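*Asks:* Protein chains in written order, with the numbering used here: chain A, 63 to 364; chain B, 401 to 773; chain C, 3 to 237; chain D, -9 to 408; chain E, 1480 to 1741.
No wet-lab data here; the hints were simulated from the structure. Given the structure is predicted, the values throughout are model-derived calculations rather than measurements. There may be inaccurate statements among the hints.
Claimed, not checked - Cross-link-like lysine-lysine pairs, in silico, DSS-like; alpha carbons within 25 Å at most:
| hint | chain 1 | residue 1 | chain 2 | residue 2 |
| --- | --- | --- | --- | --- |
| 1 | D | Lys60 | E | Lys1559 |
| 2 | C | Lys180 | E | Lys1732 |
| 3 | B | Lys691 | B | Lys750 |
| 4 | C | Lys130 | A | Lys248 |
| 5 | C | Lys154 | A | Lys248 |
| 6 | A | Lys156 | D | Lys5 |
| 7 | D | Lys60 | A | Lys97 |
| 8 | A | Lys156 | D | Lys75 |
| 9 | B | Lys567 | B | Lys430 |
| 10 | D | Lys1 | A | Lys156 |
Stated by the list, open to error - Not close to chain C: a few residues of chain A, all C-beta gaps over 12 Å, as computed:
| hint | residue |
| --- | --- |
| 11 | Thr148 |
| 12 | Pro204 |
| 13 | Leu253 |
| 14 | Tyr330 |
Stated by the list, open to error - Simulated restraints, written as ranges between beta carbons of each label pair:
| hint | chain 1 | residue 1 | chain 2 | residue 2 | range |
| --- | --- | --- | --- | --- | --- |
| 15 | D | Phe228 | E | Arg1591 | 43 to 49 Å |
| 16 | A | Val218 | C | Lys180 | 56 to 62 Å |
| 17 | D | Phe228 | E | Phe1601 | 56 to 62 Å |
| 18 | A | Lys248 | E | Lys1635 | 18 to 24 Å |
| 19 | B | Pro428 | D | Phe233 | 45 to 51 Å |
| 20 | D | Ile182 | E | Asn1673 | 47 to 53 Å |
| 21 | C | Glu229 | A | Pro311 | 39 to 45 Å |
| 22 | C | Glu229 | E | Lys1628 | 20 to 26 Å |
All residues carry an ideal CB built from backbone N, CA and C; glycine is no exception.
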Amino acid sequence: MDHSYFFELFLGGMTRGSIYALIALGYTMVYGIIKLINFAHGEIYMIGAFTALIVSSVLGFTGMNPILILAIASVLAIFFSSAYGTTMEKIAYKPLREAPRLSALISAIGMSMFLQNYVLLAQTPDFLPFPDMIPDFKFLQPINKILNSTQFVILVTTAIVMILLTILIKFTKIGKAMRATSQDAKMAQLLGININKVITVTFIIGSATAAIGGVLISSHTGQLNYYIGFIAGIKAFVAAVLGGIGSIPGAVLGSFVLGWTESFGTGYISSDYEDVFAFIFLIIILIFRPSGILGRKQNDKV
Amino acid sequence: MKKLAMILLVLFVAAGFIFAGGSKEKGPIKIGVAGPQSGDLASYGIPTAKAAQIVVDDVNKAGGVLGRKIELIVEDDVCKPEVATNIASKLVGDGVVGVIGHICSGATKAALGTYNESKIPVISPSATNPALTQSGEYPNFFRTIASDDAQARTEVDFALDKLGLTKIAVLHDKGDYGKGLAEFAKKFLEADSRATVVLFEGITPGAVDYSAVINKIKNSGAQAVIFGGYHPEASKIVSQMKKRKMDVVFISDDGVKDDTFIKVAGKYAEGVYASGPKDTSGNPAAQAAIKEYEDKFGDKPGPFYLNAVAATEALINAIKVAGSTDYDAVTKALRSSFVETPLGKIKFDKRGDALGVGFAMYHVENGKYVELK
Amino acid sequence: MLRIENIKTFYGNIQALQDVSIEVKKGEIITLIGANGAGKSTTLMSISGIEPPRSGKIFFEDQDITGMDPDKIVSLGIVQVPEGRRIFPFLTVRENLDMGAFLRTDKEEIKKDIEYVYSLFPLLAERKNQPGGTLSGGEQQMLAISRALMAKPKLLLLDEPSLGLAPIIVQQIMDIIKKVNTENKTTIFLVEQNANLALKIADRGYVMETGRITMKDTAKALQQNEEVKKAYLGI
Amino acid sequence: MSNILKYFSFKEIKKSLVMSVWFMILTFPIMVIKVNTIENTVIWRWNYLIGVGISSFIFASLWRYMIERKKLQGGSESTVPLLQKIRELGERKPTLKKGSLIGVIVLILVFPFITSMYQTGIMTTALMYVILGLGLNIVVGLGGLLNLGYAAFYAVGAYTYALLHIHFGLGFWVCLPIGALMATILGVLLAIPVLRLRGDYLAIVTLGFGEIVRIVLENWNAFSHGPSGIANIPRPTFFGIHFTLPQATIYLYFIMIALVVFTIFVVRRLENSRMGRTWIAMREDEIASQSMGINITQVKVTTFALGAFWAGMIGVVFAAKTTFINPASFTLWESIIILCVVVIGGMGSIVGVVVGAGILILLPEYLRAFSQYRMLIFGAILVLMMVFRPGGIVTSVRKVYKIEPHLQGGSDNKVEDK
Amino acid sequence: MVPILETKNLTMDFGGLRAVDNINFRVNQGEIVALIGPNGAGKTTFFNCITGVYKPTGGDVYIAPDGNGQERINGMKPNKVTEKGLARTFQNIRLFQNMTVLENVMIGRHCRLSAGIFGAIFRTKATVEEEKKVVQDSYRILEEIGLSKYVNEFAKNLPYGAQRRLEIARAMATEPFLLLLDEPAAGMNPQETNELDEMILQIRRDNNISILLIEHDMSLVMSVSEKIFVVDYGKLIAEGTPNEIKKNPDVIKAYLGDEANA
């Protein structure tokens, strides 16, 4: 077995997994709180990427330092993604909290269609190049055949986001409130937790991580269009379920596992069936662990 | 009671209107334009409709054909076969005498049966699937673009004769167009002893990352990649390969021979080879057509624009030559009389492929596609 | 302290409460008894703002709290221990208690109060790092009450604290309720199915039938009332 | 009236203004700045900002009015008032019901003769979605199992016909039951691994399954002819007689009418049987149903298989109608559209599915005038429909079992049948 | 005569937690047996092991419907167990809320019916007859339990006590030889509990079956049951007649408390 080939596939899978993870986090958090598959989450990611593109091309004319542009673009991308996320929640999900779950799912699907076409019409259906703003790091030069700067930035950023999020969920007051709300929203209300606020915060955090993912992946692939959110969203959803939907470490683990499955499946078998590997792996995992890798067993109290 | 009666009445009246809409009368000559007008593939369909409009406007300004004006009916098939059949029957019902379109090969195949039975000639500016002309099943089909196998032939010949490559990876985007092309390329390469196909793979369009496939290419030791597909995936693969400092020749097709590719891939596009219709930008007719478009719509024409102009001109010319809109006469004229178009002087062969439309190889040099002689 | 005036509450189109009026005075234990489905829990949910009444008013310390958000109501000092305990199963005992003090910012005081509830229920101190879901039913009830106490309630609403508990635990819980009332001067509004128990510790009681208050009196008088005896005390 | 007036108070207008400002900020980058990084151009469209401001102000006012109205009506759902009225009217005046029923039947029968071939084709498509909806309704609406891979069964039917035709020259009528059967078998195969899964886990696995089927069809050229698809699939014949195109279109329309009648007949009978009761019980509470002796495994497998059956059948019709199939027709979106038919119409209700298919398939067709805004409007309608009618347009009416007291020998209790 | 239900060393582990610990337990023909103990002692888990909801990790469960020839039923699916003749109710009512009262009972009849898909579609004579009969039988059961006036109401619209009784009716519809009741009196007022008391006795009398119940209401337990088993922390700590149990110091300490005799 060729070790360096294996290692390249491993790193490639990890890059992929990092991106999935950034999107899957939002899926899993929203699911945890309001038990909704937020089908339009991929669109939030797309809007984040688009906002970054718009901001950076406007700023590009000023001749600003690319790193500064990247920073401003990312911040604005996060802001607008979060704004879209929360607005979407208020319009399409909040009125449906008491409704059958499927209705909320259809509402999310409608929202996804709407946002895709909104961007398509307001901007363009074509792929647009995304400026390459991440510089080539000197220290990566020896290994840049295996790991380039963009990949490196993706891996590091994902790691930082994960750590921050873990701290937030585990130790802060709002984090505990989020966990409490996800376990029993009514009880949380009875203790004085404003669940609307908690839900809003959840959407903000989920959308923000998705926006970060959007900016990073667009830098990686160098292009974007209005449709990038859909496919990435589905994959992230698979990752979240694989890890156990509702569980934050699960979403991360699931994303990496999915990334590796695809990477090794492509590398050692064939990329023709890349998605098939992903789904078959998912089905196998779910057969043996019906709640995902780290999912809590849905204990039906009898 | 009254309410229900009213509802029924309204329904019947509505039905009556629909009925009235379908009737034929001697008026303008109707030509259908079918292709995606909405959705993600609209950028391929809309230029066609605009091209047809420009040609028709010119013809009408000059008094029309056979003393009649020409009227265009533009329909959206979203590139879906199931919609295309419905559109086809709508156009047939509207009494069109010819159709410019469809854009995607699948939708074209689905719709052709309907046109064929109604004896309506169809000229596509973009459907490249070889079976459309080679199977002999679509006598009413013509196209102003060369078929996939001709294109694959050009690419393979170029790779072997000009570049002298021996180890080639063939990739495709699993799509109708890309995979068909890749398969022909593979077939031609395998038939030739000079080179071996070291990898034949389909990639997933829209995937966030292609590093696994790229590693695989690297691991296969390929000197070159022949890619069948469109420019978004091509630019992702090219730029990711270049970022890895891989020194692999990239050869692709018409779907990549698009200025957008160069703009999107930026500096990474440099050195890429792509096949595409022979450069006719020196042709005054083409220059005129492009100028007309820019004057009218204020931006650059999209893909297949010239092919669509050629298709429309060919159809109108055939009607003129035939002296009627009769199917047999028109198809005969399409096959027999040359017409001056932006693509050059063309007529169609027995199978429906345009004579005089061929492929050439292009090379990206200093951010521009340059035709290789 | 708490004045409910003619409230009507609906679930969808079904009216659950019809002109319910209740008054709770500072420092007392009052109980609301009645059959299952009579509307007792709905009354509490209306007070807590989860199911706001469609008409009528609720005043707390002379402030109109009708239609206020649940978190505002908690911040005024009305805290509920709902039916079925509703412990957060995947939070630890300690985290559950923290959630009780969600609206408070006085860190030192919170620490003291945690020590206080641990002294009330030493068992909880032993299990402070265990997830709430692993506690037994009785322990969960203790945790639920402790959690509510962490919010420093002026008025504690208790919904069926004895439900589904072993007799020995029920006794303990009732003792604690009495203790909380006397020691902390916390006013208590107790909803109970088990009228026997409730009337034993309460000062006054209300009887509810199909969404209406049908009787109100001191607990003693209700215990003697023939109708109550027959219908609710099983004597 | 006073309710409406309330919405024109100063406070409400202020709220709407705030919302419209919010929307102006929100849509600013995407609506106002149009960038083209290919040409390196930026266009500022300030007029769009004003447009967004005004339309979101109107939207915000309407929105809050509607939400408030919905709250006042309470959560309880019933059929859309108009349909409800028609239903009641029918009950009050049986002759009228009969009369209009005959009217509708006549209309259905003469439809292809008074309209164009195109209209007939569209209507045929809508009828196909009626059956797809009814089939999926068995799984989702009745069985309570979320299936996002329904298009896979549809694909199996279509490919069964296409391949059997190519290799063995089999015709439409032979393939119709075979296609249905193949899909049923696949339904059983899918059901087995997913038996233990519930809710969203089931949804994602079925989604994956649908994608697997599509990807295999795309890649396995030797079997399925790959992405370029299979062309020249014959239209149905009538005892060996081939039709001209307009005739074939009308013929197919009537075949669909017959199939819809057949499907409704079967689904209704299933619904009102021991099987139907089991479905409802399973949907309500799996553990309790198991404790009542219901074999959940068997019921789930049967449900999936029964749902797949109809998709397979319609797949054959689809292939015959378009005469060309390729994997691109059987994507996830297709499954989603069918799911929307079921949910928008009203889960579990046959009339609902018919109405849902009518809306979802005919609406985009008639929205053609709006061409590029079509999908945008469609998405918005999905959201609004769900927000204001989460239970769908038609609520299902269940069979009421009649008790005949005289059959109950020695019964003291009187039946208070309402 | 062998016991109709017997467990030998029945054990159930959840991860590291032993919820049921080596329980030996018997119900004889015609007996009413109660299982009591503090919350979380493992009573419901024990029920679930017997009825197939859980698969016990150790020990055996045997049944002998006609009093001879024991059959081992460990790990059998719940529906199979029900077919064998064990029917149960649930602690937190699990009715089919959106079905009518009659339909709920008809579901109970399910395992005694045979109509399949083809019967349903073609409405064969056998199916039509069977359907007619199931409606009649179900109605008769509702009459026995005293719920016939609610026949076409949705289960969710029933008063609480009636819902509890409907659960029993539904269980009875499966024609059990042993009825397992999980806290049937929970949430009932004293009057309703008294009625339940009579109903349990009547069910046994009329149908000649045995009953096993979990209950906290001591007045009910003491008045109806012939034998009581007490569990604590998954272990059996006492068994005996009501009088023996009342006086058992272990039971008083762990469960009843001082005021048990009140």
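*Asks:* Now tell me if each hint is right for this structure.
*Replies:* Do the hints match the structure? See the list:
The hinted pair formed by Lys60 of chain D and Lys1559 of chain E fails the criterion: a straight-line CA distance of about 46 Å is larger than 25 Å. With a CA separation close to 23 Å, the supplied pair Lys180 of chain C and Lys1732 of chain E stays within the 25 Å bound. Restraint check: the Cα-Cα separation between Lys691 of chain B and Lys750 of chain B comes to about 33 Å, which exceeds 25 Å; the hinted pair is violated. Between the alpha carbons of Lys130 of chain C and Lys248 of chain A the distance comes to roughly 23 Å, so the proposed pair stays at or under 25 Å and holds.
At most 25 Å may separate the alpha-carbon atoms for a hinted pair to count; Lys154 of chain C and Lys248 of chain A meet this at roughly 19 Å. A distance of roughly 18 Å separates the Cα atoms of Lys156 of chain A and Lys5 of chain D; the hinted pair therefore holds under the 25 Å criterion. Taking the CA atoms of Lys60 of chain D and Lys97 of chain A, the gap is near 23 Å; set against the 25 Å cutoff, the hint holds. Restraint check: the Cα-Cα separation between Lys156 of chain A and Lys75 of chain D comes to about 30 Å, which exceeds 25 Å; the hinted pair is violated.
Between Lys567 of chain B and Lys430 of chain B the CA atoms are separated by roughly 52 Å; this puts the pair beyond 25 Å, and the hint is violated. Under the criterion of a C-alpha separation no larger than 25 Å, the hint pairing Lys1 of chain D with Lys156 of chain A is consistent with the structure, at around 22 Å. Interface exclusion of Thr148 of chain A from chain C stands, the closest Cβ pair being 18 Å apart, more than 12 Å. Every C-beta of chain C lies more than 12 Å from that of Pro204 of chain A, the closest at about 46 Å, which supports listing it as non-interface.
Against chain C, the non-interface label of Leu253 of chain A is violated: not every CB pair exceeds 12 Å, the least being about 5 Å. The non-interface label for Tyr330 of chain A is consistent with chain C: the shortest C-beta to C-beta separation is roughly 39 Å, beyond 12 Å. The hint said 43 to 49 Å for the Cβ distance between Phe228 of chain D and Arg1591 of chain E, and at roughly 48 Å that hint holds. The given range of 56 to 62 Å is respected by Val218 of chain A and Lys180 of chain C, whose C-beta atoms sit roughly 59 Å from each other.
Taking the beta carbon of each, Phe228 of chain D and Phe1601 of chain E are about 27 Å apart, not inside 56 to 62 Å as hinted. Here the CB-CB span from Lys248 of chain A to Lys1635 of chain E is close to 19 Å, well matched to the stated 18 to 24 Å. The given range of 45 to 51 Å is broken by Pro428 of chain B and Phe233 of chain D, whose C-beta atoms sit roughly 31 Å from each other. Roughly 50 Å separates the CB atoms of Ile182 of chain D and Asn1673 of chain E, a value that falls within the hinted 47 to 53 Å.
Look at Glu229 of chain C against Pro311 of chain A: about 58 Å separates their beta carbons, and that is not inside 39 to 45 Å. At about 24 Å, the beta-carbon gap between Glu229 of chain C and Lys1628 of chain E stays in the expected band of 20 to 26 Å.
Of the numbered hints given earlier, the model fails hints 1, 3, 8, 9, 13, 17, 19, 21; all others are met.
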